[in-house]
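K.L.:
Dock chain B against the given chain A, drawing on the hints supplied.
As you go down the protein sequences, you meet chains A and B in turn.
Just so you know, we're using my numbering here: the first sequence kicks off at 1 and counts up by one.
Just so you know, we're using my numbering here: the second sequence kicks off at 1 and counts up by one.
All the given hints hold, so there is nothing to weed out.
Pairs count within a copy or across copies, as identical chains cannot be separated in the list.
Straight-line C-alpha distance at most 25 Å; calculated PhoX-like pairs for lysine-lysine:
(1) Lys261 to Lys292
(2) Lys35 to Lys3
(3) Lys132 to Lys220
(4) Lys127 to Lys151
(5) Lys33 to Lys319
(6) Lys292 to Lys154
(7) Lys250 to Lys227
Just so you know, these hints were derived from the structure itself, not from any lab.
Quick caveat: nothing in here was measured; it's all calculated off a predicted structure.
There are 2 protein chains.
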Amino acid sequence: MEKEYLMIPGPTPIPHEISQSMGSSIINHRGPKFKELLEEVTANLKKVYETESEMFVLTASGTGAMEAGIVNFISPGERVLALTNGAFGDRLENIALTYGVEIESVSSEWGSPFDYEEIEEKLANDKSHEIKAILVVHNESSTGLMNDIEKISKLRRGHPALLIVDTISSMGAVHLPVDEWEIDVCLTGSQKALYLPPGLSFISVNSRAMKAMDNCTMGKFYFSLKKAREFSEKGQTPFTPAIPQVMALKDSLNMLLQAGKQYNFERHYRMMKATRSAVEAIGLELFVKDLKHASRTVTAVKKPPEIEVSKLRSLMRGKYGVEIAGGQAKLSQDIFRIGHLGAITEMDVITAISALEMSLLELGYNLQLGTAVSKAQEIVMQK
Amino acid sequence: MEKEYLMIPGPTPIPHEISQSMGSSIINHRGPKFKELLEEVTANLKKVYETESEMFVLTASGTGAMEAGIVNFISPGERVLALTNGAFGDRLENIALTYGVEIESVSSEWGSPFDYEEIEEKLANDKSHEIKAILVVHNESSTGLMNDIEKISKLRRGHPALLIVDTISSMGAVHLPVDEWEIDVCLTGSQKALYLPPGLSFISVNSRAMKAMDNCTMGKFYFSLKKAREFSEKGQTPFTPAIPQVMALKDSLNMLLQAGKQYNFERHYRMMKATRSAVEAIGLELFVKDLKHASRTVTAVKKPPEIEVSKLRSLMRGKYGVEIAGGQAKLSQDIFRIGHLGAITEMDVITAISALEMSLLELGYNLQLGTAVSKAQEIVMQK
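With the rest of the complex left out, here is chain A (with noise of 0.2 Å):
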């Protein structure tokens, strides 16, 4: 008997209330039953993401939902203000690169924060008005880094560009109040930190977003946003919505909204805490050394010298049950990454990381076992 503890920066695992409603029968997504269930739901997400912009459910992974921020407001053409600094915020610059979107960028090394005069000169220098939107990532969970959205919409003042933020792997674990933060775009998937599995995506568009929208000539068809408000007004979606998650999302968003968002804040922050000391206790280097830009809901750990992340990740699998992830891209050999997100609890970021200390050691890491867990369980302690 062997139990397995899924951690890695999303999919996460799922709380069992979530696998049975993700079993539950299928209904009419046309029918009067669907409309309640997507109008709850729709509710519900505007409470987490603290907004009273429009809200949309779309059948596909974070992705998708990436694409349609994209596709639904700049037009070929437009010139958007990329900004990157892992595998996902380059994601979306080549999104945009794909339709014909130009692109200017601020980029800094995957890691390391933006240099944030130089998004203020950018936008400053801009008279014309060129950029139309600013895309940027908050969490970048390739490299354990959150950007500060807060700051960069403070930046964007007097300047018209829309702000589309990718929220994906943040959506529920840290404060992210959109409408005060005026975000004009956010989106979010449903495998991070809402409990649920992956399946769908959720965005919300503003009243600023949808001007831009009814006139965006960009092609599409199935992340069509026209379409899904169409179809929204008659509480559905316009094409088959993924129904098991949606059903799951009614229960999942109950869950989050009833424990109580600041309680899901302080745990997230207790839980990158609590993995950031461990790792550090047994000498491991931080990615993102600044607590500041630290990622809540996944850390990136250097990997020693003597030791190889694909060892170190099969033997924490096979032997413990531990699944964490690799580096992605170019820091794949470079780095692994711990999720700490969701349904993972405390006490599983104290497994993990008791698993990650019995197997650096067997690897021939020099360690004293019970270092690492010790300072974790001394956060844990602390709530």
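P.N.:
Just chain B, lined up with the frame of chain A:
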């Protein structure tokens, strides 16, 4: 205590075993277990399709696969021959139009078969082979008409146009040998005849279509099958898949293949015959009169003058728990549709016919209770 009978042309009810698979715990979509899972379902999907083509699993409903079936094979400005005689044929054409494809079309009245000679002529007249693809829906669930793909494939011989077929509401329910009929691109959805909830769609691409794909200049990201091919070599999907549906797909395909495809074809044939005989027995008029063109998975029935479709549906749903579909688009007030596919059984058809009889009688339609039911029974008994 009420039991619900979902008798629409998809989404369909799902067997209890599949409900349970839908609640499976979530696994890493970049790990070895998922690789094994994806390889198994892909191999079994090919058995259902009777094809050696490449097969891709998309996290999107059928319309996403329709979009993938166009944007990966046709470049902007290229010409296609769109065959339309229902809402889904129109949708294929609209997707192509949206993406800047030139349309030549052969249309017939909704519910009427194509003029196959006209198709033959169009292809014969296209000496310079400007038509790059034929877009056609196999089973028009909007009207209950099944188009003759084998015939279209034969007409196409000698012309290099790709044959791109939407089999969303028929694959699994009816003989549809993809390779034998030389279908280059064949797409379907999870929520129709495959015993699964919505959330996934599947698309096969043969070597001829692969060549077109490699030369296609249309912009696409989420629906890029080049990316899907690249990742499928690693046993992965490019973006996080709807894992519960993929897990359930393993079980549903095993269920389908173990029962036997032929068994399933015959079962669907009987459900169609039972439904058609039943409604005719009480003087209702079939929307598609000729059995040869009748859909195996959905039967459309003209409403009697004295009956309103919405009242009939409400009564059947509210009093007997039987959910049937109305018409789509321009047919919404003229027909009702009974779905008989996937996990819907022959006994469910009898149940639905019985609810139809009782509801029609209550709404003032003149009939003798049992007349339609007994006709359905006669067919079902033949198994």
